[in-house]
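Novice: Single-letter residue listing:
Number of protein chains: 2
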Amino acid sequence: MTSRDTHNRMANAIRFLAMDAVEKANSGHPGLPMGAADIATVLFTRYLKFDPKSPLWPDRDRFVLSAGHGSMLLYSLLYLTGYEDMTIEDLKQFRQLGSKTAGHPEYGHASGIETTTGPLGQGIANSVGMAIAERKLEEEFGSELQSHFTYVLCGDGCLMEGISQEAVALAGHLKLNKLILIWDNNNITIDGPVSLADSTDQIARFKAVHWNTIEIDGHDPEQIAAALEAARTSDRPTFIAAKTVIGFGAPNKAGTHKVHGSPLGAEEIAATRKALDWEAEAFVVPADVLDAWRTAGKRSADARKAWDVRLDAVAAETRAEFLRRFSGDLPEDFDAAIDAFKKKVAENNPTVATRKASEDVLEIINGLVPETLGGSADLTPSNNTKTSQMKSITPTDFSGRYMHWGIREHATAAAMNGIALHGGLIPYSGGFLIFSDYCRPSVRLAALMGIRLVHVWTHDSIGVGEDGPTHQPVEHLAALRAIPNLLLFRPADETETAECWQIALKEKHRPSGLALTRQNLAPARKTYEEKNLSAQGAYELVPASDARVTIFASGSEVEIALKAQETLSGKGIATRVVSVPCVELFFDQPEAYQNAVIGNSPVKIAVEAAVREGWDHFIGPKGVFIGMKSFGASGPAKELYKHFGITAEAVVAAAEKELA
Amino acid sequence: MTSRDTHNRMANAIRFLAMDAVEKANSGHPGLPMGAADIATVLFTRYLKFDPKSPLWPDRDRFVLSAGHGSMLLYSLLYLTGYEDMTIEDLKQFRQLGSKTAGHPEYGHASGIETTTGPLGQGIANSVGMAIAERKLEEEFGSELQSHFTYVLCGDGCLMEGISQEAVALAGHLKLNKLILIWDNNNITIDGPVSLADSTDQIARFKAVHWNTIEIDGHDPEQIAAALEAARTSDRPTFIAAKTVIGFGAPNKAGTHKVHGSPLGAEEIAATRKALDWEAEAFVVPADVLDAWRTAGKRSADARKAWDVRLDAVAAETRAEFLRRFSGDLPEDFDAAIDAFKKKVAENNPTVATRKASEDVLEIINGLVPETLGGSADLTPSNNTKTSQMKSITPTDFSGRYMHWGIREHATAAAMNGIALHGGLIPYSGGFLIFSDYCRPSVRLAALMGIRLVHVWTHDSIGVGEDGPTHQPVEHLAALRAIPNLLLFRPADETETAECWQIALKEKHRPSGLALTRQNLAPARKTYEEKNLSAQGAYELVPASDARVTIFASGSEVEIALKAQETLSGKGIATRVVSVPCVELFFDQPEAYQNAVIGNSPVKIAVEAAVREGWDHFIGPKGVFIGMKSFGASGPAKELYKHFGITAEAVVAAAEKELA
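Read top to bottom, the protein sequences are chains A and B.
Anchor point for the first sequence: position 347 equals 347 in the UniProt record's numbering, and the numbering is continuous, going up by one each time.
Anchor point for the second sequence: position 260 equals 260 in the UniProt record's numbering, and the numbering is continuous, going up by one each time.
Do not take every clue at face value.
The calculated label-pair distances, taken between Cβ atoms and stated as ranges, are [stated by the list, open to error]:
#	chain 1	residue 1	chain 2	residue 2	range
1	A	659	B	329	45 to 51 Å
2	B	284	A	522	40 to 46 Å
3	A	363	B	629	36 to 42 Å
These are computed hints drawn from the structure, not numbers from a lab.
Each residue gets a CB set at the ideal place from its N, CA and C atoms; glycine is no exception.
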């Protein structure tokens with residue numbers, strides 16, 4: 001327990017580091033770190049279980065700054081508590097190119113940054129995922145190895161974003177009692193007072209989704225401590241509404257939107273130094289204060305050592321498995337199992353929808369890889385994501401491995417990010433490809449962070465049929481391929497589906513999405529090949545010497561390409577077919593390979609039941625594109641393919657026309 | 001008032017039309033229409049103000065089926081109440097190619113379909129926009145011309161989606177008391193009971209955002225009527241939680257997820273006929289029942305005539321303005337004003353950020369076009385969307401024209417759709433381009449519906465600077481250009497900004513987005529031209545005979561292209577520059593024009609601070625692209641441009657290398 005004066009000086013250290021760094025960068029948000037400094041000080045000096053010497057300790061408490069614009073709060077805390085890779089020099093480099101201290105916290109830039117935040121609401125949903133992961137792993141490995149809290153600090157903006165409702169409703173439903181959400185209730189947004197746009201009774205809102213709720217003065221250390229104490233023993237997740245003054249301490253600007261997103265200015269900083277009785281110069285933390293912080297940073301070292309002892313004491317097999325799971329390595333026999341599956345497929349050559357092919361692969365994967373956590377955003381019967389091993393998780397029973405996420409695509413994706421970030425589990429979920437739009441901000445963040453998870457997106461084209469254009473993706477393949485570092489797979493048959501799953505799970509630093517069909521597809525590959533051909537992104541499926549026509553296609557349209565190839569070859573027109581399961585991986589290949597696959601045939605045709613954007617890279621601006629130029633329509637799938645002219649006949653006709 | 005028996009038979013007519021149509025299509029969702037038939041019957045026969053003979057009557061009540069999968073409910077109602085363009089034949093064509101009766105309600109397919117729904121939650125937010133429009137127009141034109149209710153029927157899925165929270169929080173804040181949301185509380189989703197994924201106390205949730213709440217038995221006509229009566233006199237929006245049985249009437253499947261999204265099957269339909277004592281064959285509505293419905297459809301004919309009389313009675317100027325507003329035509333002097341603005345710009349040639357240029361144009365537009373309704377998702381000082389005419393709208397004062405939407409991009413965009421659909425207003429809003437991801441589903445629906453509205457998306461590239469990669473769009477231009485029917489503008493200077501705004505507002509059937517810079521830009525065009533060059537999508541900004549190099553660029557990178565052109569020309573290398581403010585409009589141009597603009601220079605270079613996807617159409621796969629290959633970084637904007645190699649020097653070097 002620290003005296004009030006010590007507390008104040010420790011909190012003020014955060015305030016001055018934040019305002020000095022923002023001032024030096026001439027850019028940033030000083031208001032939140034200044035307002036939330038008391039909360040953070042109590043949390044980090046008295047409750048948060050963390051060890052700066054062992055930042056990846058699997059059983060550490062997670063702290064998520066959902067209000068990512070207040071990044072200097074987090075950077076200050078990391079420096080003050082003694083994370084070795086966060087120095088005072090790093091703080092001085094706030095918001096400068098190449099620094100660890102980016103404008104918003106970037107996962108991977110420095111230890112202790114648990115997730116990338118900034119786009120509002122994401123951190124709340126990430127933390128729900130972390131709390132799910134904790135509970136699941138505690139169920140699996142016991143509380144001696146996994147038993148920690150997840151704390152998240154959010155602002156008004158996080159709570160206004162719809163994703164927050166999805167996330168907190170799910171957390172309340174699942175009774176994630178180790179999740180503690182602290183609301184920095186400062187009543188100010190960029191436009192001005194919150195009352196310009198909102199009058200939500202947040203306490204009532206959280207009660208409605210069965211959270212424990214507490215209201216406190218966010219500047220009173222004892223109220224903060226009491227709230228955290230209560231939260232930690234709650235049987236439900238806890239929402240702490242902490243009334244704060246944004247820019248606390250700045251005599252002329254505190255409590256106004258002027259401190260939200262702009263430097264205070266030299267004059268106001270000087271006035272704040274005076275008001276808070278802080279004599280140290282910019283970026284200087286008085287020795288006694290720094291000592292107190294560093295001591296706080298060592299608080300959990302013993303707990304961490306005790307945990308090491310407990311880890312050593314568990315059965316060797318359990319220990320090995322726990323460590324493997326947190327290393328992110330797959331079980332050793334993973335590749336062999338996929339290989340065996342491919343062999344079996346080549347024996348049967350089934351005509352199946354790729355969503356069903358995915359289920360078949362998952363049946364193998366889930367039997368072998370215990371860390372997969374499956375689910376669907378209320379489309380389980382359509383997504384085929386629930387295999388025989390996947391018992392449903394319920395609020396009272398986390399022994400299952402399947403999440404009913406509800407009709408909440410955005411929180412699903414963001415919580416999956418949180419699960420992946422937590423470690424020990426590999427989340428995959430199910431949804432319709434069309435609804436990738438609902439969760440795009442979280443998919444982007446997964447790509448930016450470079451984390452492993454898999455989105456199973458079924459119903460990937462006009463092949464959806466009768467549901468019509470609101471449910472038929474046409475622009476989504478292009479839009480997802482545009483996201484850097486995301487692997488968007490569109491396999492053509494069961495073999496490619498297995499290969500794509502194999503790549504997705506082995507890829508530790510990129511998220512994946514699988515675009516899968518509703519409708520059945522004839523097999524594209526009929527013979528077993530050991531090599532994962534899909535890993536090249538695109539490959540020659542049907543070669544032809546001196547080809548006059550090359551047809552590029554992905555997914556369900558490979559079937560069309562193959563039919564067209566057969567007809568053209570029958571007419572004596574040498575025709576190649578290139579399957580393109582993953583454009584991003586193709587671009588990773590050596591240029592010579594890319595050139596060889598694209599080839600030099602005089603006629604190049606791409607077939608995809610989607611917009612042309614992106615295909616000019618394969619066929620050139622003068623190439624023929626057989627696909628969609630508009631939204632889809634409601635009707636039986638086969639009729640739609642004819643209606644929109646995406647048929648083997650159309651490909652043949654186009655090829656002949658070009659050659660004429 | 002109808003007797004209970006008549007009510008039951010009228011409701012059963014809906015049930016049987018729905019189950020018969022789904023059965024015939026062998027596809028669709030019978031459960032919701034069957035469960036909500038009693039609610040719909042009471043609403044349409046006793047409360048809803050509508051006239052099938054005058055479906056576009058501006059003062060009609062709006063009815064939105066947010067749970068769009070229950071489309072047969074709406075189609076049945078339109079047929080039964082006597083909309084002439086919805087025949088029994090149309091119902092038989094449910095979900096068939098080319099029919100009006102698509103899988104989900106499609107705006108424009110038939111009268112009485114007020115909005116396209118299906119993606120869940122959208123309808124709730126649309127209806128909030130409609131209620132905003134009604135209140136604003138009542139304020140402007142008086143209750144004699146505008147005074148109607150907006151009713152919306154939603155399901156569990158709509159309420160789970162985050163967009164619903166954004167929308168209802170805003171509606172509660174604004175006290176939209178003519179908005180009445182009826183929840184078809186049937187406790188069933190596709191995966192099974194709602195309890196698999198949610199346990200929200202919806203009544204408490206709506207109370208927390210200051211709604212009037214009522215709980216009823218959704219099969220009791222008098223409870224339904226009493227709730228609607230109470231809702232219509234509330235001083236706040238009303239949430240009616242109506243407990244229903246999904247698939248009501250089906251003896252073996254009602255109340256289960258088996259009736260949610262699949263045909264009932266002949267056997268169960270026969271059993272339902274028996275259970276509900278319904279002897280009519282499929283698609284036959286007994287004459288007495290049809291008569292009763294048709295009579296109900298005429299209920300508001302007198303009210304509509306009285307409204308015509310009132311319209312005739314108002315001042316001629318008011319009448320003309322009201323009718324102009326609902327016709328969607330702009331004021332006559334609109335083009336002249338933009339033209340005068342362009343002339344003035346050409347005199348000053350200001351160096352400004354395009355967000356500021358947009359503000360300058362809006363200052364002219366908002367002075368002249370009273371139907372614009374501006375706003376921002378809490379980024380007013382950054383988006384520059386609030387001009388001198390734009391007083392803020394508050395819960396108690398709708399005389400303003402500016403919405404503080406709050407940090408709710410998704411509901412903002414969906415409510416803007418609702419405002420545009422309502423008629424009489426043209427909504428535009430502000431946000432960061434990066435957050436177009438947060439509202440992408442609604443942007444897509446605007447494009448699908450073909451409605452007019454403008455998204456002002458500022459901070460459109462790494463030019464954002466210090467905020468870093470979470471706030472720097474790199475894939476968003478490509479992703480938005482991929483959406484059919486959306487005009488994505490990226491103007492290069494103040495002149496192009498004016499031209500793009502002109503096009504956006506004149507385009508009645510396509511939504512627009514303007515990607516605008518945070519940073520200042522030198523003028524690209526320095527002389528006045530009467531023609532709107534941006535309307536061609538791309539045009540030759542700097543010609544060169546026998547050009548050896550063509551540089552294509554959009555927005556902020558046109559400045560770079562021009563600098564490079566100057567250097568190259570100085571070196572004797574003939575170089576053209578093509579400005580590309582709107583790819584979608586370029587593709588609308590005649591092929592000859594497109595070919596001429598793309599040209600035949602041996603070297604083609606595209607410059608855009610974004611991903612390459614889409615640019616191969618201009619430069620070919622072997623062309624040089626100067627842009628982004630990854631996410632951005634946190635740092636000052638100018639340093640970022642250098643760091644990522646997006647500079648005039650890089651363009652020059654690339655051109656010389658290609659020519660060497």
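Novice: Hint by hint, note whether the structure agrees.
Specialist: Hints, verified against the model:
A hinted range of 45 to 51 Å holds for the C-beta pair residue 659/A and residue 329/B, which are about 50 Å apart. The beta-carbon spacing between residue 284/B and residue 522/A, approximately 42 Å, falls within the hinted interval of 40 to 46 Å. For the pair residue 363/A and residue 629/B, the supplied restraint of 36 to 42 Å holds, since their beta-carbon distance comes to about 38 Å.
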